[in-house]
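Asker: Listed below, chain by chain, are the residues.
Number of protein chains: 2
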Amino acid sequence: MTDLDLSRFSINQMTVRQLSLPELTEACARLGVPGVGLWREPVREYGVEAAAKLVRDAGLAVTTLCRGGFFTTAGDLDDNRAAIDEAAALGTDTLVLVSGGLPPGGKDLAAARERIADAVAELAPHAAERGVRLAIEPLHPMYASDRCAISTLDQALAVAERFPASLVGVGVDTYHVWWDDRAPAAVARAGAQGRIHSFQLADWVTPLPEGVLNGRGQIGDGSIDMREWRTRLDAAGYRGPIEVELFNDALWARDGVEVLEETVRRYAEHTL
Amino acid sequence: MTDLDLSRFSINQMTVRQLSLPELTEACARLGVPGVGLWREPVREYGVEAAAKLVRDAGLAVTTLCRGGFFTTAGDLDDNRAAIDEAAALGTDTLVLVSGGLPPGGKDLAAARERIADAVAELAPHAAERGVRLAIEPLHPMYASDRCAISTLDQALAVAERFPASLVGVGVDTYHVWWDDRAPAAVARAGAQGRIHSFQLADWVTPLPEGVLNGRGQIGDGSIDMREWRTRLDAAGYRGPIEVELFNDALWARDGVEVLEETVRRYAEHTL
Chain G
1 MTDLDLSRFS INQMTVRQLS LPELTEACAR LGVPGVGLWR EPVREYGVEA
51 AAKLVRDAGL AVTTLCRGGF FTTAGDLDDN RAAIDEAAAL GTDTLVLVSG
101 GLPPGGKDLA AARERIADAV AELAPHAAER GVRLAIEPLH PMYASDRCAI
151 STLDQALAVA ERFPASLVGV GVDTYHVWWD DRAPAAVARA GAQGRIHSFQ
201 LADWVTPLPE GVLNGRGQIG DGSIDMREWR TRLDAAGYRG PIEVELFNDA
251 LWARDGVEVL EETVRRYAEH TL
Chain U
1 MTDLDLSRFS INQMTVRQLS LPELTEACAR LGVPGVGLWR EPVREYGVEA
51 AAKLVRDAGL AVTTLCRGGF FTTAGDLDDN RAAIDEAAAL GTDTLVLVSG
101 GLPPGGKDLA AARERIADAV AELAPHAAER GVRLAIEPLH PMYASDRCAI
151 STLDQALAVA ERFPASLVGV GVDTYHVWWD DRAPAAVARA GAQGRIHSFQ
201 LADWVTPLPE GVLNGRGQIG DGSIDMREWR TRLDAAGYRG PIEVELFNDA
251 LWARDGVEVL EETVRRYAEH TL
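Residue numbers (the UniProt record's numbering), protein chains in the order written: chain G, 1 to 272; chain U, 1 to 272.
In isolation and in its complexed conformation, chain G is listed as follows (with noise of 0.2 Å):
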């Protein structure tokens, strides 16, 4: 595949989960992927420090670190400030939030997004020591009442501008803004003030599956035009990494390795 302009590609660990740490890095450099997103759970479970020596010594850089957050719910302060210790151990500069839904029985969203505001001015201190910036990536509204209750990019930037733009920025996922009007404005002032601080890919497919967290759609198998998203990215002045971050039952039933030169090839057909 070193016929394609992979420089900007970077595969989310997510994407191919069943392959392990080892094996990945081992195909990312026999492919030319240049970037790797990784998350934490598996990383822990390989060793932070171990980790980080395995991608330093495959070339790859480590494009973000999935996720901190869960402000409203599950999340704690403390458990916050050690990914963003492992993100700086792993040496990459971005730290994604998945900031937290309702508390249990709440039904109040505004005063959950104030609370996460909280909780980003609180840790922006630790990232800013670390060299770490904090990605507030606002989830599909599917998700306002579970996961996230920033559902847009408007929100994610009504929080992030209450900061420094090299200390909290948005992620920009096509899976979550696709189908917002207000997006494409959005993501032009977050480029405008360099805080677009990641920028993912996944394709929208129906039927969801139940639950709708594993239904994100290999690139090109759904409704999102992938080379305006990308083409947008770029007109906001974004030069950073384009990361696939794919959760899905039938890929991780599939080959890893295939996934991934899979992946690869969609990339390049539907965004360069």
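Worth flagging that the hints you see were computed from the coordinates, not collected in a lab. Keep in mind that this is a model prediction, so the values were computed, not measured. Each residue gets a CB set at the ideal place from its N, CA and C atoms; glycine is no exception.
One-sided excerpt, in silico: chain G residues whose CB lies under 10 Å from chain U:
| id | residue |
| --- | --- |
| 1 | GLY101 |
| 2 | PRO141 |
| 3 | ALA158 |
| 4 | VAL205 |
| 5 | PRO207 |
| 6 | SER223 |
Some, not all, of what chain U presents toward chain G, calculated at C-beta under 8 Å:
| id | residue |
| --- | --- |
| 7 | ASP146 |
| 8 | SER151 |
| 9 | GLN155 |
| 10 | TRP204 |
| 11 | THR206 |
| 12 | PRO207 |
| 13 | LEU208 |
| 14 | PRO209 |
| 15 | GLY211 |
| 16 | VAL212 |
| 17 | SER223 |
| 18 | ILE224 |
| 19 | ASP225 |
Dock chain U against the given chain G, drawing on the hints supplied.
Answerer: Chain U in isolation, oriented as in the chain G frame:
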């Protein structure tokens, strides 16, 4: 249940679809339920004129007919004209429109919304002739690709505002718009224009079922502050029926009259 103020309550037929139309009208009359929202399929199965006579004889108001639309996919305008005729025959002034998603293979939501606006323009004269208002209902963004490209009240108003308010308005359904921080302002604007043509309640409960169609929660079971929404619509000047519309496999598996009684109690508890 005669001690409750049910003057604005309406039960959507789908909430208790296990009841035949005669069973439904009999139970409504006995419980003091003054209104029903009807669906085209069961009404046509029973016979439109026979259904009209049945609800009239039971003293029930038909608050809405669901539904026309699907302009971008399977729906055609002749079928929508028939839906308008059926609404008029049933004595309701409101046909709810679920507008349709992307055409097969499509990726352009803005174009789909324009196609919807064009279809509404073609239908409007027939609706005016029959004295039926069209209520454009935004559906939750999780239905954007396959059921309704209109995902927010702002988008619905952007189409409705091209027409006289007496002819084309919006449908406000808590399940679809509860997450949207811009919905309160849109409700106020729609109300000021006299454009709120239906108001439906369902609660947001998780996990969502496969296909995300039949997970509309019983009032009070989920994350939506129903009293806040009722108050919001009141403040916007809306004085019409409040229709409870649930699609829920667990409710459908129970005795229909028992579900209707429960729904009346929940409505009273959470909105009055």
